[in-house]
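Number of protein chains: 2
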Amino acid sequence: MTGATSPQVLAHKLDTAAGAFEQWSRLRPPDRAPVLEAIASALEEAEPKLVVLADEETSLGEARLHNEMARTVFQLRLFAQVVTRGEYLGATIDHADPAWPMGPRPDLRRVLEPLGPVVVFAAGNFPFAFSVAGGDTASVLAAGCSVIVKVHSGHPKLSAATAEVVQHALASAGAPEGLFDVVFGTEAGRAVMVDPRVKAGAFTGSIEAGRALFDIATSRPEPIPFFGELGSVNPVFVTNAAAERRGPAIVSEFVGSFTLGAGQFCTKPGILLVPESAELVDRLPGAVPDEPLTLLNDRIRGSYASALGELRDTVGVRVLVDGHHASPTVLRTTSAELLSAPQAHLREVFGPAALVVEYADESELIEVAKVIDGQLTASIQGEDDDVVAGELIRVLAAKAGRVLWNQWPTGVSVTFAQQHGGPYPATTAPATTSVGTEAISRFLRPVAYQNVPQHLLPPALRDANPLGIPQRAC
Amino acid sequence: MTGATSPQVLAHKLDTAAGAFEQWSRLRPPDRAPVLEAIASALEEAEPKLVVLADEETSLGEARLHNEMARTVFQLRLFAQVVTRGEYLGATIDHADPAWPMGPRPDLRRVLEPLGPVVVFAAGNFPFAFSVAGGDTASVLAAGCSVIVKVHSGHPKLSAATAEVVQHALASAGAPEGLFDVVFGTEAGRAVMVDPRVKAGAFTGSIEAGRALFDIATSRPEPIPFFGELGSVNPVFVTNAAAERRGPAIVSEFVGSFTLGAGQFCTKPGILLVPESAELVDRLPGAVPDEPLTLLNDRIRGSYASALGELRDTVGVRVLVDGHHASPTVLRTTSAELLSAPQAHLREVFGPAALVVEYADESELIEVAKVIDGQLTASIQGEDDDVVAGELIRVLAAKAGRVLWNQWPTGVSVTFAQQHGGPYPATTAPATTSVGTEAISRFLRPVAYQNVPQHLLPPALRDANPLGIPQRAC
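These protein sequences, in sequence, are chains W and Z.
So the first sequence is residues 882 to 1355, counted in the working numbering.
So the second sequence is residues 882 to 1355, counted in the working numbering.
Errors might be hidden in some of the hints.
As the list claims (entries may be wrong) - Here are the computed distance ranges between Cβ atoms for each label pair: (1) W/His893 to Z/Ala885: 52 to 58 Å; (2) Z/Glu937 to W/Pro911: 53 to 59 Å; (3) Z/Pro1077 to W/Asp1194: 26 to 32 Å; (4) W/Ser922 to Z/Asp978: 35 to 41 Å.
The hints are simulated quantities; they were obtained by calculation from the structure and are not laboratory data.
Positions of the beta carbon are idealized from the N, C-alpha and C atoms, including for glycine.
Just chain W, with the same shape it has in the complex (with noise of 0.2 Å):
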């Protein structure tokens, strides 16, 4: 049942995922919201069972995974809430007008409608909330697309007991056969990313492979639009007058998130940046818990164990809480020495370690975050009368998804002005979000419709508004 899926079995899965979107694209969408709602309930029904399986293959402990699954439940609740508004839709209504500057103009009429099949390639590092229901799943059903989600190989036997209770809660609620399916085996999601009925791809793992799928997305004879979350060392900017008035707290809320989790979070500080004047690094070995955690599987702690090994190898960086691999570990450099290197410094560790970087001046803060490569966040400890603050949050913006102001990156909320994306190689699709209500955009694409009579066009575009959604009229 967790075995690689044959080609055969994938062919089929492909073929109802195609006769499945034919039909569930075509459903008005606050048709889709029952059906959103039905997962939701599957899986919190579900609960007890699915959180023990996660626990045993992930070992990320039944607390963690009990809020995670409610991130996930919400998350299929507040698409339905989004499916039925309908602002979504970017409903937009030009009347025929003769008088338009440029030459009269028809009647033309835009919305936003679903790509097709999707496929999904679920993380390793978030069972529930990015991985077989998660909100790369949630946005693609709400979108009107079907999907086809690929299942991380360290949580195969949830992945098949989640996908099961996907199924039966589709099935009851009456939608499309093959409107969600999974697929095992890395042969098996690279078949699905070059099929012509996908039109697809969604990915939150590492840079080398999302960057390896992304080049099978966009070398195929039809490229596909490929929305990869990848990675990123979030780093965080103290500044002089924050170290000095809250050094204590700057110390013991960054120990609490760049460890949260055992590290393994896509946006965990992997970089402070502290003056060297404060004695905010000499409080940091005191701060560390001297525990050991655990790892998600084999794979991540041999790939832990050798970006940690390679970041304190760097010229000029020293060790200032060893971990032994098992409990954190922070290292130290200074500013001068990242400014020599860069990309060797900036490298994300994937796990329960950090760097801690001394500047001697507050402009070396400017010239640092001016070399850092595209983030998902960077995140400023200040104080309001901070004379270097303006400049730094206008380039971080150049460079982070997210900018942050005296709190930390890790926690994700999902809402409606979240933004967890980033340019390259935060993500391979720097416009678009996988978190919060915007992620459903990444699934759709306009169509204008011009001079088609009231009932030839999508219930969304007409003057009556039967789904009473907004709609912008010009």
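Since the structure of chain W is provided, determine the placement of chain Z on it from the hints.
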């Protein structure tokens, strides 16, 4: 002045474009409006001179070129309105909410910000509206990005003259140096595409050239979005009832549309599906003008002859009107032949040629609609009570960016609801449009600000709303 741009000169242009971006991107969006207006006014002033040059280099005729200039100027002024209104910024404010169901929500505010310097590849068939100061340039500048235009080899003198007008207007309006520049030559265009400072590309042209540039954009160390508008045959589906009731009008309108601008429009209707029982095909020869049309240049003449030759040599294709390559040509075949070899029949012939396809039964319209590739447009000539219309529109909406009813695809209005795009190979980015106000979105990316104090937020996100723009509060 119109010779290939040297690497040294190019390096300087890239430097100043990057520097100009730093300044321009930080302007409050409404402050970009006067600069767009200044370009529009300068073009109007130079119109007599520019139209003469354009006609010399493109043979498109002064009447058409004056119309195109009106469109070009209108686009710039429309984007001046767009940046002033600020709706395009998508400003969204989630106030902090301790009762948010998935856990306390921080203050999160999201706005769209400019991507970076952009390279625009000018088109040959619209020397104003899709060239140096065309829609791509206007939307790039409106978005807050700097632009380097790779000029089209078909009208180099006009391009240089237009660039001079634009640069003079920009200097007078106080815009930063390097905000807009042009480069000449294929190698210079490629070099701009691979420069790490350049963050997006826009293109209008052939499938071959567009795909080559797309491949460059996506295989960079940092891939960038590439908005290519490539090829389309823009099929027109005539129902039985429409052919019976409006046959003569359909024939003459079709001829007008496919011969407009000597058939050198990306929205030229290249395929007309008609019932075999109607007299429509018999009427066509009499409706096609037997006068030679002048194509843009030798390269277009060559590729027209070769594409037309291949289509004429396709099995089952016969000649209905033989234009001998200089006056319009109409070929004919049957839907059965087309369905037996769709790729061979559905090839774009850029120039004054069209293929008429006779069908026996209206169900074949659906079958043909299902096999066509991605299109910029698909049109139906039908009657309100046509049984086939509903299903045909739904199938065509899945294939085209714009679906028309009883109108013709040439003449693309610039409006709010316009969608000039479509699935590959119509474009490389089906979620975007290159015409209409939404074209600005291509050059923007969202940034979320978490817990950032009012005075450090971009003006668009402040509670006091100093720009007076729509702010969505959730």
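Requested in this report: Could you say whether the range 53 to 59 Å given as a hint is met by the Cβ separation of glutamate 937 of chain Z and proline 911 of chain W?
Outcome: Hint holds: Cβ distance 57 Å, inside 53 to 59 Å.
Query raised in the report: Is it true that the C-beta distance of histidine 893 of chain W to alanine 885 of chain Z lies inside 52 to 58 Å, as the hint says?
Result: holds (55 Å)
Query - Outcome of range test on Cβ distance (proline 1077 of chain Z, aspartate 1194 of chain W; 26 to 32 Å) - result: Once the Cβ atoms are compared, 27 Å apart, the range 26 to 32 Å for aspartate 1194 of chain W and proline 1077 of chain Z holds.
Requested in this report: Could you see if the CB distance from serine 922 of chain W to aspartate 978 of chain Z stays within 35 to 41 Å?
Outcome: For aspartate 978 of chain Z against serine 922 of chain W, whose Cβ atoms are near 24 Å apart, the range 35 to 41 Å is violated.
When each numbered hint is compared with the structure, a violation occurs for hint 4 only.
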